[in-house]
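> Sequence order for the protein chains is L and Y.
Heads up: the first sequence at position 51 corresponds to 53 in our numbering, and the numbers run straight through without jumps.
Heads up: the second sequence at position 56 corresponds to 195 in our numbering, and the numbers run straight through without jumps.
Worth double-checking, as some hints may not be accurate.
Unchecked claim - Straight-line C-alpha distance at most 27 Å; calculated DSSO-like pairs for lysine-lysine: (1) Y/K834 with Y/K654; (2) Y/K274 with Y/K399; (3) L/K65 with Y/K522; (4) Y/K619 with L/K65; (5) Y/K327 with Y/K376; (6) Y/K270 with Y/K399; (7) Y/K459 with Y/K184; (8) L/K65 with Y/K654; (9) Y/K184 with Y/K834.
Since the hints were derived computationally from the structure, they do not count as laboratory data.
These numbers come from a predicted model, not from an experiment.
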Amino acid sequence: MTLDRMLPGGFGRVAALAGEPSLVQRLYELGFLEGELIEVLAIAPLGDPLEIRCGGARLSLRKSEAAGVSLVDQL
Amino acid sequence: MTCTRTLTVALVGNPNAGKTTLFNALAGLRQRVGNYPGVTVEMAKGRCRAGDVEMHLVDLPGTYSLAARSPDESVAVNLLLGRVAGEEQPDVIVAVVDASNLDRHLYLVTQLCELGRPVVVALNMIDVADKQGVKIDISRLAELVELPIIPIQANRAKGLDNLTAAIQQAANDGDVPPTVPFPEMFDKEADRLAARLPDVPAFLIRRLILDVGGQAEAQAASTHGRELVDEVAAVRKRLAAADCPVPAVEARARYSWIRKATTVAVTRPAQPPASATDRIDRIVTHRVWGTLIFLVVMALVFQSIFTAAVPAMDVINAGKDWLADIVRNHMPAGPLSSLIADGIVEGVGSVVVFLPQILILFGFLAILEDCGYMARAAFLMDKLMSKAGLSGRSFIPLLSSVACAIPGVMATRVIEQPRDRLATILVAPLMSCSARLPVYALLTSAFLTVGHAWWVPGVTLFGLYMLGFVLAPLVAWSLKRTLLRGPTPSFVMEMPQYQWPSLRSVVYRMYDRAKAFLVRAGTFILASMVLVWALLYFPSYDLNGQSYDMRLTEMRHQFDDFHGDAKTQIERQIDEVNGEWRRQSYLGRVGRLIEPAVKPLGWDWKIGMAAVASFPAREVVVGVLGQIYNLGRKGDDELQEPLGQALREATWHDEHGGRPVFSVATALSLMVFFALCCQCASTLAVIRRETGSWKWPAFAFTYMTVLAYVGALVVYQIGSRIS
Chain L
3 MTLDRMLPGG FGRVAALAGE PSLVQRLYEL GFLEGELIEV LAIAPLGDPL EIRCGGARLS
63 LRKSEAAGVS LVDQL
Chain Y
140 MTCTRTLTVA LVGNPNAGKT TLFNALAGLR QRVGNYPGVT VEMAKGRCRA GDVEMHLVDL
200 PGTYSLAARS PDESVAVNLL LGRVAGEEQP DVIVAVVDAS NLDRHLYLVT QLCELGRPVV
260 VALNMIDVAD KQGVKIDISR LAELVELPII PIQANRAKGL DNLTAAIQQA ANDGDVPPTV
320 PFPEMFDKEA DRLAARLPDV PAFLIRRLIL DVGGQAEAQA ASTHGRELVD EVAAVRKRLA
380 AADCPVPAVE ARARYSWIRK ATTVAVTRPA QPPASATDRI DRIVTHRVWG TLIFLVVMAL
440 VFQSIFTAAV PAMDVINAGK DWLADIVRNH MPAGPLSSLI ADGIVEGVGS VVVFLPQILI
500 LFGFLAILED CGYMARAAFL MDKLMSKAGL SGRSFIPLLS SVACAIPGVM ATRVIEQPRD
560 RLATILVAPL MSCSARLPVY ALLTSAFLTV GHAWWVPGVT LFGLYMLGFV LAPLVAWSLK
620 RTLLRGPTPS FVMEMPQYQW PSLRSVVYRM YDRAKAFLVR AGTFILASMV LVWALLYFPS
680 YDLNGQSYDM RLTEMRHQFD DFHGDAKTQI ERQIDEVNGE WRRQSYLGRV GRLIEPAVKP
740 LGWDWKIGMA AVASFPAREV VVGVLGQIYN LGRKGDDELQ EPLGQALREA TWHDEHGGRP
800 VFSVATALSL MVFFALCCQC ASTLAVIRRE TGSWKWPAFA FTYMTVLAYV GALVVYQIGS
860 RIS
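Isolated chain L, as found in the complex:
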């Protein structure tokens, strides 16, 4: 399951990051480490981007960027 396909209220743990190197690096910097809990809080009214919670922070992420984040079900 990749993050862009999650619905609001859904969550999972980061399994792997893929995509453009600078994006992957930015996501790592923001704390998208393997095993980190990610929660989808909302989807923008126009259908993109997503508002998610990672660690203590809320982030906005486009679906195209979220597509590189694979998640595993919680626990």
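Fit chain Y to the supplied structure of chain L, relying on the hints for placement.
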């Protein structure tokens, strides 16, 4: 008291850490903005005193990491490393950290510790962390990370004395902080590379390995060639094989080190309480409510720049005219009086008149930014703007430009990506601003009201506004595919916690923007106003060697002595002399020179000249047309009706013999020209200021003029054939 010593202190932190608030609290009004060649970053510099120490503060742009991906980002890194010519390396680095988001903010701190300079952590927003039930044992944390940590509340100016004391202490001790251990394999590879590149600082060697496609790599490639890039790629391959893949290795090393400290020193509630931000965001980013709130907020901001500024702008305009009249009445006629009245007073007035809009817009923007709504607005609009190759952050600057491009361009600072910011700046003047309204109003009322259906003027006005709304995204889209092409920057944005904006910070930002506009842009606008004045004033003698100014003054004196018909006659003579003067002025000659070029647009030389003369500001065209059509100096409102009539009656003087100059097609062509051109010295000056180079205002002016010319040409050629 004399200073015994000065310290250079750099403030660094994530966006939303409260860094700029801290900077303003420390430096107050003792600050200025520094530009760096070739980049769009601005770093605010300020001073503050603590005892007998004078601190030189540098406020660096907010960043999540020192992994520089653009020339703009590498300026900050190079400044911290003391590699920017003319800038001193900071004696102490102050890392501003959000206590409610500690782990992530400490990530940047661990990078700062590798720069070889003492680091002091300013722990901001402890009140917010406290509300979330996060308890931080500060002394324990300081012990574990081996850094001085000072709790502050930047928005309440609390803890600043402790902070400045800690900065001095750190400078005195000069202790270089400990660094996060990386896997042994990584250190070995870094050492090997360092031996090959002895002139590159250790910090940049590590960045060279870690940042795929980053600035360190680009720099190394340009100085050491392709070979080195291949070598770095080989290093990364070896690291990946040894289970330290780039870039994961960095995040893993830093976060595991950070977490070791924070698990001990920080206690978090098992189940974080639903914060105010959670509750607010459930509504604000909601499909229906969120959209509704967004529309209301935007309407409020937009409406207020449009309407609330009007009374103040009227007062400024009236004051300008009053002052100009005093000068004309109390100084002997001649170049000096005219320069002061028509050049300087009008010039300064045309700058100051934008001030109310700037203050109102930036008051609103500062509140929206500080309370955290700006990020939500960008979130809501991102999809729409991404179609034009921009991000949600471009929405507000573009919307503001509908009132006036000047605050719009200045508002692009919220856009972090330099390329996106530049694209937004370049298309912002395409949005139909309020200065176009006098032109639209004059021409629609003169040519599209009488004898046309009632809806024609309204639809025309709507069409002219739509022209900007449609073309701005299209131009942005093509810019992002041509001139400003590059890897699509990711748009990962933090949505900050909601909080009350601090009055101090809001007022400060309004002041700062107003000052920036008046001082930097104002001088250029004034200069261009004076230039146009001179081109319209000189040569100031008629064929008989008499000064026009003298002739007019004499006539005006007579005017007061006459009554009835004689008075009207004198008035007409005054207008005629005035018109003759303008026509034979240098600008008038330019108008005649360019007539062949503007004829395909349906314009005669008078319109061409008026268009050229309106370079300082579009609305000037109304006044200049008034002067050329012998209507003398009157306010725009008084001018509108007689000028409309004069325009309707104007005829060609050449082979067209007596055919009216203006048709509906000509009026439309002129309006389309003014809808698309960049005849606004203030906008150009602000673009220069915001981009730090004359290249971009020149580009904006050129492409918009071409667009305007082509647009007007198409409209006239099609329009004149239909009618």
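> Indicate, hint by hint, whether the structure satisfies it.
Status of each hint after checking the structure:
1. Y/K834 with Y/K654: Status holds; Cα separation ~23 Å.
2. Y/K274 with Y/K399: It holds: about 16 Å lies between the C-alpha atoms, which stays within 27 Å.
3. L/K65 with Y/K522: Distance ~10 Å between L/K65 and Y/K522 Cα, so the pair holds.
4. Y/K619 with L/K65: Holds - the C-alpha atoms of L/K65 and Y/K619 are around 20 Å apart, at most 27 Å.
5. Y/K327 with Y/K376: Given pair Y/K327, Y/K376 holds - Cα atoms ~14 Å apart, limit 27 Å.
6. Y/K270 with Y/K399: holds, 24 Å
7. Y/K459 with Y/K184: Not OK: Y/K459 and Y/K184 at ~35 Å, beyond 27 Å, violated.
8. L/K65 with Y/K654: violated, 41 Å
9. Y/K184 with Y/K834: Distance of about 25 Å is within 27 Å: holds.
Figure legend: structure checked against the earlier numbered hints; hints not met, in rising order: 7, 8.
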